[in-house]
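Each chain, letter by letter, is given below.
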Amino acid sequence: MYNQTEILKDTSELGADGELVINMGPQHPATHGVLHLVVTLNGETIKKIEPHLGYIHRSIEKMCESLTYRQFIYVTSRMDYLSSHINNLGCALLVEKGMAIEVPDRAKYIRVILSELTRIASHELWLGAMAMDLGAFTPFFYAFREREMITDIMEDTCGARLTMNYIVPGGLMYDLHPDFQKKVKAFITQFKSKVTEYEDLVTNNIIFQSRTKGVGILSAEDAISYGCTGPVARASGVSCDIRKIYPYEVYDKVEFDEVIETAGDSFARYIVRVKEMNQSIRIIEQLIDNIPEGDFVGKTKNVLKLPKGEFYSRVETARGEFGVYVVSEGGTTPHRIKFRSPGFSNLSVLNHIAAGSKIGDLMASMGTLDLVIPDIDR
Amino acid sequence: MTNEEIKEYISSLAPAATYDETGEWLNILVEPTALKPLMAALRTGKMQMNYLFCLTCVDFKTHLTMVYHLSATTHRQSIVIKANLNRDIPVIETVCDIWRTAEFLEREVFEMFGVNFTNHPDLRKLILEDDFKGFPLRKDFEDPINMIKL
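Each protein sequence line maps, in turn, to chains A and B.
Position 273 of the first sequence, counting from 1, maps to 273 under our numbering, and the rest follow consecutively.
Position 10 of the second sequence, counting from 1, maps to 10 under our numbering, and the rest follow consecutively.
Simulated from the structure, these hints should not be mistaken for laboratory data.
Among the hints, erroneous ones may be present.
Quick list of in silico lysine-lysine cross-link-like pairs, BS3-like style, CA-CA up to 25 Å [unchecked claim]:
#1 K7/B <-> K62/A
#2 K308/A <-> K82/B
#3 K305/A <-> K61/B
#4 K7/B <-> K61/B
#5 K47/A <-> K125/B
#6 K139/B <-> K62/A
#7 K125/B <-> K82/B
#8 K61/B <-> K133/B
#9 K97/A <-> K275/A
#10 K125/B <-> K48/A
#11 K97/A <-> K133/B
#12 K213/A <-> K108/A
#13 K62/A <-> K133/B
#14 K244/A <-> K108/A
#15 K305/A <-> K133/B
#16 K62/A <-> K125/B
#17 K185/A <-> K253/A
#18 K308/A <-> K7/B
#19 K97/A <-> K62/A
#20 K139/B <-> K308/A
#21 K62/A <-> K305/A
#22 K108/A <-> K358/A
#23 K308/A <-> K61/B
#24 K275/A <-> K253/A
#25 K182/A <-> K244/A
#26 K185/A <-> K108/A
#27 K253/A <-> K139/B
Let the hints inform the model, and build the full structure from the sequences given.
This is the structure we're talking about:
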């Protein structure tokens, strides 16, 4: 974070060789959260971008050190609030792995269906917001029309629209409601008939294409070196889908393709996310009619104690690889917990892909990284 | 490569390394001074560890431990490198010239644990305010105003 006086000092005058330092954020309509970028410009060309973080730092890692293994899961909903269900899943998987808890098949199926619905909802929000950043207002309403159906399903199922908190170690908090399958099928029908509208409105839009093609190019080697994951890395041709590489829950039983593009520019990142939504629909279609009957939660002890040692679990959120690293001393609370958030690594690449381009292209480069600021600050 | 082969390979690079196979991955504990040459060899040598997916620090009250989770996008094998640091003068060499992602992660460890990374290009606070006192993720950190313990 920056002290206020330093910000004023930096912006007050031009530098020696005509460089201008401007502050983008912390309150800026296109950063979708309190991200502060200090952009050094020479004319219209970006020389350097320096992110200043911490405006919504809530010391989640320190807080988790005094929470039990049942409680700490719910804090993670507040990190990447658009993939909160998948964050919860990553933490539950860690506890289940550490204590060798059996999860019933019914819970596994429901977890995966809800994870994929979460992914679609997250990509829908990104699609609308991204198009709006580039000046197209209509796609925002189109995307939110379908996203609203998912948040309604979430509200009926989990009791919340954004921070689901539906997962407990060993399974789910309570069973599905009777209308679940009917509502999900209605959503699939609706989504399939409307996804072509995005193609017409955004993908084939000549203005959108010329603003994103060739902008913010990231090579495969740099993507790996910067630790980029998720659609950002897959648009550069890096195969990094955790669902394929280290399958968890029932991802090894369903058929889906890992979407990979090779152009590495903003348009490729857009294409990856749109195609991923279709793959998510494909996964849900295979599972929705086959949810097994039975328990929704396995048998666990009342007080969970992880054995002494170190544990790591990872899941694929809408933004990339989310990892949880826990050092346990054998007690009821973790000794140290570290969240490897995908947004943090994806943000670190921003200076690399945007330096040298024009200030107007910054929105396209940054928008397609799909940054969620609470996920970065933690 | 099997764990035995990795051990043999790393012993040839860092003879003082000790191993722990109880966890999910092979854990390798090295001296802080031997870390940088070993990391560079892991990245460019036959193991091709090009993906640093987690870098963090743990406070064990008697010492700090740096933890590096390494993986390779080609053969997908993961190993964990650790180095114990003196809690009073924690100094270790940076790895951000090997993996670019380490630049931000090391800045976070610097402000949260007070670890000094030598040769880091831009070692400043990243998340906390510039005038913040203390190292919040250390176990002995107390802040009576902004309570973070429950």
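Going through the hints against the structure:
no.	hint	result
1	K7/B <-> K62/A	violated (34 Å)
2	K308/A <-> K82/B	holds (17 Å)
3	K305/A <-> K61/B	holds (21 Å)
4	K7/B <-> K61/B	violated (29 Å)
5	K47/A <-> K125/B	holds (22 Å)
6	K139/B <-> K62/A	holds (9 Å)
7	K125/B <-> K82/B	holds (23 Å)
8	K61/B <-> K133/B	holds (19 Å)
9	K97/A <-> K275/A	violated (32 Å)
10	K125/B <-> K48/A	holds (18 Å)
11	K97/A <-> K133/B	violated (38 Å)
12	K213/A <-> K108/A	violated (39 Å)
13	K62/A <-> K133/B	holds (16 Å)
14	K244/A <-> K108/A	holds (16 Å)
15	K305/A <-> K133/B	violated (34 Å)
16	K62/A <-> K125/B	holds (17 Å)
17	K185/A <-> K253/A	holds (20 Å)
18	K308/A <-> K7/B	holds (24 Å)
19	K97/A <-> K62/A	holds (22 Å)
20	K139/B <-> K308/A	holds (18 Å)
21	K62/A <-> K305/A	holds (19 Å)
22	K108/A <-> K358/A	violated (47 Å)
23	K308/A <-> K61/B	holds (16 Å)
24	K275/A <-> K253/A	holds (20 Å)
25	K182/A <-> K244/A	violated (29 Å)
26	K185/A <-> K108/A	holds (19 Å)
27	K253/A <-> K139/B	violated (43 Å)
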